[in-house]
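There are 2 protein chains.
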Amino acid sequence: MLNIAPLSYTASKEKAEAFCSSNIALCKYWGKRDEVLNLPTNSSLSISLGKLGTRASICIGESDMLMIGGKPIATQSAEYTRLFTWINSLLGNNRPCLYIHTFSNIPIGAGVASSASSFGAILKAMNSFFGWQLNDSLLAHFARLGSGSAARSLSRGFVYAKAGIDSNGVDFNVITLPQTWSEFRVGILYVSRAKKPVSSRDGMKLTVQTSPTYKGWVEYAENCCDEMIKAIQVKDFTKVGEITERNALTMHGTMMGCSPPLIYMLPKTLEIIQKVQQLRSQGIEAYATVDAGPNVKLVFLKKDEQSIKESFPTCEIISPFESAF
Amino acid sequence: MLNIAPLSYTASKEKAEAFCSSNIALCKYWGKRDEVLNLPTNSSLSISLGKLGTRASICIGESDMLMIGGKPIATQSAEYTRLFTWINSLLGNNRPCLYIHTFSNIPIGAGVASSASSFGAILKAMNSFFGWQLNDSLLAHFARLGSGSAARSLSRGFVYAKAGIDSNGVDFNVITLPQTWSEFRVGILYVSRAKKPVSSRDGMKLTVQTSPTYKGWVEYAENCCDEMIKAIQVKDFTKVGEITERNALTMHGTMMGCSPPLIYMLPKTLEIIQKVQQLRSQGIEAYATVDAGPNVKLVFLKKDEQSIKESFPTCEIISPFESAF
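Residue numbers (the working numbering), protein chains in the order written: chain G, 880 to 1204; chain E, 880 to 1204.
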């Protein structure tokens, strides 16, 4: 464990709010090397989604309460338990009761990293509410305890989460790459907004335990991040795109070998991927990535934005480096 | 190389004909450990498809000629070159010219093992035409030189092709399992009869060279055969089905990690796989398998034949152990 002084649970103000962008991993993390510390087996690298994400607010309440998008969440639900177990791990059991509200403008549990931005925003709100003034490294550590990809949502742009190898996670580290890339675009194509049948946590566990190709994935995924950082440094978009698409397909391929087989993709997911591959042969340089859900995200540059809109009229296009959100 | 006396190329009759069933690998082979000797990296196990396959006829001609389904094949085509290169490797260059006709009642090049039954049938026809009287082991060896899965098409029922490890392939071996299973059914669902964009040979090469999860596949695939033989011995259909489906998905998952990504499946392929998985939750015990193409094959037992017909009205159902074909 990191050597951390106990976190104060005395409110420094009446209410606090914070926003975190969601993020899309271009090099994905799949599998934990420590369930309790929520340490990833492999490093990952993401791009933040600007104004898409979660706003969280926190205040003292008469009992613990979680509201998501204005709806109170049952105390027996998985979301509720997961959140307050995490909060207890940070504040201990003598903490005051808390009202926590989150509002996400992305679908929950559909593979668009809603838990990443939710945990990130709640942590930032708590940091402000309790006046902790935590440094980035501690914020990343605490965020990760809540959701593996939340540490990547604390920052903007390209964010690299280094898995590390230390059993206590002291070398887990989140680095925001200095590069900005104003032409960089992310497109989201919703195939289904339904909640995925197998959570990322359960899917990872199944993959680590049963996929015969998991070992190959881990080695490859680690290498992907190194290659991706180099490609971003020189703004080689073809390389960035190729790594992105292949990384996602290798991850989904690794899941397909699980027992029982784990397939997050739907026929429509595959249809979009193959259409994107076809578009490339026509000179429209877009690449697809898919997380633990059926939705497809595209990466492309500004020059192809119009073509993407024509090919995918429902595509939600994000400019991750847009200044204000 | 096997120590083989030169094969005679003196015709023993005016014309010879032979038929070989196509076969569907329940445990698939993907990747060669020797390109020239066409030795597989991993063992495989198949079920033959009864009356679905290829009839080949051979006679002396004025020049080499290949006709497939009544159509003459261009001498510059890949099929023509592949066939006569193989024949030259068996008979040498002083052989007489040959007319070879094949008639397949399965689509060519669409992942229903048409080359397996074609090479198998041509070899058997040559064996009869030239009066070679080769034993099963030599037939398997020569068939494999033509097509990796052809050795499995020389026999009927469950056929196990042991990859071996010897660099000359002397321990490559094809074993017909003694078990018959009259209730066993194979269903074929054609998604597309178009020729696949990447041949199995090229796809295997790409996978061996570029898939980061290939090593995991090889180890797993070898183990699959051992498990499958045990399951067939005790007629544990659930086990047979589970191994079949997972083996195929692991293979396709391994291909997905290639650079560039290799995806033989089409959206419809995935739709069928997911429908089959859903049917199982309703008590209809069918399992899906997919070869290097978009078509889906199902395995199930006679008791579920009616349900399969209702769920998939276009399904072509085969009884591999039917006596006559």
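Do not rely on the hints blindly, as some may be mistaken.
Since the list can't tell identical chains apart, any single copy or any two copies may satisfy a pair.
Below are the DSS-like pairs computed for lysine-lysine, each with C-alpha atoms no more than 27 Å apart in a straight line [as the list claims (entries may be wrong)]: (1) K1075 - K1154; (2) K1154 - K1084; (3) K1182 - K1114; (4) K892 - K1075; (5) K1118 - K1188; (6) K1041 - K1094; (7) K1084 - K1118; (8) K1114 - K950.
Please keep in mind that the hints were generated in silico from the structure rather than gathered at the bench.
Structure-based check of each hint:
In this homomeric assembly, K1075 and K1154 come within 27 Å of each other (Cα to Cα) both inside a single copy, at 23 Å, and across copies, at 17 Å. In this homomeric assembly, K1154 and K1084 come within 27 Å of each other (Cα to Cα) only across copies, at 25 Å, whereas the closest approach inside a single copy is 31 Å. With identical chains, the CA atoms of K1182 and K1114 are at most 27 Å apart within one copy only, with a shortest distance of 15 Å there and 59 Å across copies. Taking CA atoms no more than 27 Å apart as the test, K892 paired with K1075 passes in neither setting, with 37 Å inside one copy and 65 Å between copies.
Only within a single protomer do K1118 and K1188 lie at most 27 Å apart by alpha-carbon distance; the minimum there is 23 Å, versus 47 Å between protomers. Taking identical chains as interchangeable, the C-alpha atoms of K1041 and K1094 lie at most 27 Å apart whether they share a chain (18 Å) or sit on different chains (25 Å). Taking the shortest alpha-carbon separations for K1084 and K1118, only the inter-copy value of 23 Å comes in at or below 27 Å, while the best intra-copy value is 30 Å. Taking the shortest alpha-carbon separations for K1114 and K950, neither the intra-copy value of 43 Å nor the inter-copy value of 52 Å comes in at or below 27 Å.
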